[in-house]
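Please dock the two separately framed chains into a single complex, following the hints provided.
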Amino acid sequence: MRSRNPAKDQVAIAGTGLSPYSRDRQGVTAGGLVLEACIAALRDAGLAAKDVDGICGSTVAAQYVQAALGIPEVTWFANPPPVIGNQLVAAVAAVHSGMCDVALVYHHAYRLPWASRSAGKDALRRRATVGVADARSSWGTGHVDIGPASMWGAVAYAAWAQRYLHDYGYSRECFGRVAINSRTNAAANENAVYREPLTMEAYLRGRMVREPLCVYDMDIPVDGANAFVVTTTERARDLPQPPVLVHVATLGHTDYGSEEQLRDFDHAGQVVVAKRLWAASDVSLADVDVFYPYEGFSNIALAWMENLGYCKRGEGGDFVAQHWLKNEQRILIDGRVPVNTHGGSLSEGGTQGAGHLREAVLQLRGQAGDRQVQDPKVALITPGGFYFNSQGMILRVE
Amino acid sequence: MITDDELLDSWPGVRVDHDNAEHYRGMLQQRLLINRCAECGAWHHPPRSVCPRCWSNAVRAEEVSGRGTVAMLTFIHQGSSRAGVDFSNGYPAAAVELIEQAGLRVAGTLVDMTREEMHIGTEVELTWLEVGGRPALGFRPSGASSRP
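Chains as they are written, first to last, in my numbering: chain A, 1 to 398; chain B, 1 to 148.
With the rest of the complex left out, here is chain B (with noise of 0.2 Å):
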């Protein structure tokens, strides 16, 4: 259990609220929650408090796959530096259409593959990752769990 006190202290300089704090407290425990309606099925992110489909307030964060599709993607070449983040060749960020739902996306950077294998239409998974001190959400190739 983590308490509100917690979370905010592992998120300083973030705008955790009473919306998105489950989506923060399932990143401390490398759990990747989305929010979704009780009523009617749909997914939506960033977490609000409503679904967008049908109204309905019985919206839930609940575990997704973390398997998908890169949707959109760019490289970083420059930035604030922070522990786990190399601008030198150009940091993947990349945005992940997730299985789960058509234009359901969450944002995080590519692992694991080379410059080549990283372009639009690569099948991906979640991978956890740190930077800058905090849980990340890295992708990487499709099935490189299971690799030996």
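Chain A extracted, bound-state conformation (with noise of 0.2 Å):
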């Protein structure tokens, strides 16, 4: 794997902010979710409209954006897919090639999406669009199987989760702890949707819902949006936050690229993510001081830390038993490296790893309240699963 990295440390997180997330928020739009989000990161970055010249979001047209916030000229902009390791990934490039100054950053979650009426009552558009058993349809890949036995997203995961048990002898107890520790980091998250604790014997009887994944195995449906100002780290030098220093960050793909497909656990776009980081990066998994490992599925946590080195391939459960603080029910990794601080996807709320991404940012600021992590330096964040969005990053502070 290439090492070369240019970018390295040139660009930096300047500003992040938050619409709340919500199980029950009444009466936004996506849009809205966004705009609050965006307006809340510029502000923490010290910016205006007029300084914004780069936008990149998910699904939420940047347009849309940039005529909501009134933001005057803008010389680059984007919509990649989610999730977001896409969107910070392009606005890292545009501003170290100079395409903008200062790229405003968004993702956003939003229950119960729906297209528009029209769209809905055309039976061949309505099976090529989202909403179908098989939302493979809509990428064009010649998908041939079709719902509810369909290997598609969460069908898959769950069977994948199967196959980790059975592959490596494990119960249920190494994806409850995962669960268990995001629960129990959220209880210091006012911004969590849960934060109840959870023990292993109510994890063991939640509902099932795939196996062996029950309900605690599985993100949380928010309304909720984060925004990050990415600029470049001597504009954010300037500017009132400590800059958060992008160190390397980079997408992984395989060209297994169906989930069934995928042909076992090394040949996830996870293990090209790992790969990468690793060889651009001038710290080492020792370094890491906090860990974001995406686990909208909690066996996709257990191999982001097999695949990042913390431990061998089916080695992850066994891993957080290891370094399982009993008293405290979380994971501290070799007594010093908390995981998923905020309480994650199945805690915090589901946000597809923008919500880790914004934690880590707070962490290495110092800014994460009640739950901060002793002077953090280093934050390695994983977005994503195993197929389509395996995403890393190394993030920090000087």
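Hints may be right or wrong, so weigh each one.
[As the list claims (entries may be wrong)] Between beta-carbon pairs, the in silico distance windows are:
| no. | chain 1 | residue 1 | chain 2 | residue 2 | range |
| --- | --- | --- | --- | --- | --- |
| 1 | B | Asp9 | A | Ala279 | 56 to 66 Å |
| 2 | B | Pro46 | A | Arg111 | 16 to 26 Å |
| 3 | A | Gly98 | B | Ser80 | 40 to 50 Å |
Simulated from the structure, these hints should not be mistaken for laboratory data.
Quantities reported herein were computed from a predicted structural model and do not represent experimental measurements.
Beta carbons: idealized from backbone N, C-alpha and C, even for Gly.
Structure follows, in structure tokens:
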């Protein structure tokens, strides 16, 4: 894997903003959530509309955000698909290459998303877009499988979780600790939608949804959004917040681009991400102070630990058990590195890794309140799962 | 009181959402509602949840006068047929700049005037039409309502 990384530490996150997560918010659009987060991020960075010259979001159009916030001129914009690493990597590249100086980056989660009513009445269009059993049909992937047994998305994650138990001889407790860790950490996060403690007994009794994953193994649907201000490190040093440097950021994908076609755990996008992260970085795993593995399905986090090098293939479950603080019901790697300090997708709320990124920024800035880790300098954030959206970034402060 | 369900039923095929619902609800009552900021007074259109001038979220759909000036104009000679639209002589499509704020424009057709009277700069006022079975904005010469 190549090590070339000219953008290393040259681009920084200068601000972050949140549209608070909610399970029951009324009367808001996805766009409205994004605008709240973007305004908060720009205020956090001490910047105004006229300072922004790049916009990069997920599915809410950059042009909408520009008009709504009265941003007079931009020279770069993009709407890569979710998840947040796609937006961050694009913005880092755009800032580093000079296409823009200040990029506004955002991603939202919106409960019960819908298309237009006219599209909903068009049977062929309906089949080809979101809301059908196999949403891959909208990607033009030549799929042939249709629900409910389609190995798509959540179903496939459950099936791979079963494969993990089968191959390595674990019981469900290995996933349960990931869920409990998130819940324990969420207690100190006022933005988390689930903060009451979760016991292993309760986890094992949890409503089974797709075996072996129960209701506690899957991310919580919320309304919410996160935004980030990305600029040059040089510019960020003149802004109010401590610059959070993007040391390396990458995406990773293999040619096994369908869930059931993934050859094995060694051929997931995560493996590519890990190779690139460590090849392009000046820091090593031992330098990481806070760790944010995506756990939208709990088994994903175990795979991240294995792929990033905390342990070998199949040892993720044992690794978590060995680094488990029984009295505190949370993971602390080597007695030092906490995992998903905000409660992750399983307890703060599911925003596809954007919440993980925001928490890493706050921790590195020393602004995480009651859950602040002592003086972290290096954060490792790995959004995404196995197939389409594996990605990783190492952030650090000077 | 128009419920959300009634609102959606009245606008089939239209992306009515929480940001523009009041605008569409107003149209059903023949009221042109435009979002205005309660903090700084700025108007914006189409409706969004935040004021683009001051970033306040205290925006409200407020009725406007419906008076303004033709700022942009074209005549459409072809399109899918619908009740109330005649393409044979060119169907007028105008953007009218409302008197409430410079640059605040809404789109609609022009009525009750000759082709020669239809030009950029014509002062107009709102009248309500039915196009394709739904309420639609029309603009007629200013003061037409008081003409005999």
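Evaluated hints:
no., hint, result
1, B:Asp9 / A:Ala279: 56 to 66 Å, "holds (58 Å)"
2, B:Pro46 / A:Arg111: 16 to 26 Å, "holds (23 Å)"
3, A:Gly98 / B:Ser80: 40 to 50 Å, "holds (46 Å)"
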